[in-house]
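Work out the full structure: start from the sequences and follow the hints.
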Amino acid sequence: METNHQLKRADFIFKNENDWKDVLKKNINRPPHELINELISSELKGRGGAGFPTGLKWKLSAEVKSDIKYVICNADEGEPGTFKDREILSLVPFKVLTAMAICGYVVGAKEGYIYLRGEYFFLKPELNKAISEFEHYCKEINLDFTIRIFMGSGAYICGEETALFESMEGKRGEPRNKPPYPAISGYMNKPTVINNVETLAHAYTIFTYGAKRFYDLGVQYSRGTKLFSVSGDTPKPGIYELELGMSLSDFVNDFGDGDTKAVQVGGASGFLVPRKRFAETTIGYEGKLIGISLPTGGSMMLFNSSRSMFNVLDNYLEFFREESCGQCTPCRVGCQQLLKGIKAVKTGEKNAQHLDKLLRLAETMQFTAKCGLGQSVANSFSSIVENFREEMIY
Amino acid sequence: MNTSATLVKNLADQYGRSRHNLLPILQGVVEQEKYLSESSMIEIAKELDMPASEVYGTATFYSFLEHKKMGRYIIRVCKTITCSMKGKNQVLLAIQDMLKIDIGETTPDGTFSLLQTNCLGFCHKAPTMLINNDVYTDLTPEKVRDILSQYLTKSKEGGQNGN
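Residue numbers (our numbering), protein chains in the order written: chain A, 1 to 394; chain B, 1 to 163.
Since the hints were derived computationally from the structure, they do not count as laboratory data.
Any given hint could be a false lead.
Once the Cα atoms are required to be at most 20 Å apart in a straight line, the calculated DMTMM-like pairs of lysine to aspartate or glutamate come out as [said to hold, decoys possible]:
hint	chain 1	residue 1	chain 2	residue 2
1	A	Lys-276	A	Asp-254
2	B	Lys-125	A	Asp-257
3	B	Lys-46	A	Glu-169
This one's a predicted model, so the numbers in the text were calculated from it and none came from an experiment.
Put into structure tokens, the structure is as follows:
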């Protein structure tokens, strides 16, 4: 009988929004370097999925000399299975606005933007109301900071930060080459801090309670809490705030329906973990010595034994084929060929060995695609094909 | 000036005439006319003093900026994994059966267009769909028929506004 650990639930994000005025006022009276150090020592990492240290991001942008800088909140939440940013913006918008303004104060930016995905247009009126109340208070305390909403129009790739800048500049959402990184040259080629909605909400927690309170949660390399968007074959789909570093088997014990065959961690661009690997998989950022540690934007999709993994992969690949911006060949052609390839194997038009060719193609995409979209197709593709090969063939 | 040209001019006055104002202007036209006609894209190019091909190139990148004539209510059914697992096809069938149109088509009276879309961000309440900007979750064929009946009544009562 294996020991049944409890998941460590937490409740920071959706609580105590009402003190935002105090939090803002208190923090913009502290020296910027102190705020940066607070963020760095909390070890907060970007909650959009990539996990870049947030304090370092702010520091880099603060160090650049420029009259114009920007703070952008990335609310282009499009990863399949992710829906926490919408909840943050509808329930605790002032936390996000406050963290944006503190960031503006720290790096020396006077303009903030929220890039809101077109699918969330219905959030706009309420969010605008919150923004005008917020800006009114900023004037009261002599803080020069404005926030505007910029609407997206249904393009997953615009969640990639440089594609998002292109989109805001009125162009096709095609990712740029990096470097230069946004901290140096982002929106309108000006230094830009771009953070995910949830990252900003955690920054608010840190500026409210101090870095230690946050750092003490989670495990080494993966500090603090994280919102998880739980969907699929589970009796309790929804949004949950949990401490990082949990093992996937504990997660499945809590959220599974008793028949969980696999869990997709991190959405279509993440990894599919089969049942036999639940115990050795932890949810957090890289750097753990034992087992596999998977970073995630918080999408957890559960599949039970009634689901065909071929259908799952087919669905993901169609998603990527449509959402690939088409700019670089490995991604544009790669997504099409992977989709075509698995269908050909399924119908018997190609033999099973064709899957090995496809795995090599996915690997090539990982190394040669220009941005995270094309590079991460291999994550789900390889983890599904390698673990459920027989389902791809028969 | 035709209506399209007036609309574009007003939007340009509101948002500005720089390249970075292009997306809000395109969205403004789609909000009013449901799609970007060739003539409205040419008008935008004139107002912003840029090549029409650039306007077209940008507009066609975004899936919510339609460039084919659309109905007054655009139905977008989510087809991504969770919605697909939780009964998206039954929802689609119910819509197709009720409106007698296929995916990508518009009803002859120009009231509804039916499309599929990628993840709407409501996977915990799948299946889901958007009608214009409104989200409908936890759909069943019965629920879909009720929702569409309400829109049909609304449109028969002569509501000229898209929302």
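Against the structure, the hints come out as follows:
no., hint, result
1, A:Lys-276 <-> A:Asp-254, "holds, 17 Å"
2, B:Lys-125 <-> A:Asp-257, "holds, 17 Å"
3, B:Lys-46 <-> A:Glu-169, "holds, 18 Å"
Consistency with the previously given hints is maintained throughout, with no hint failing.
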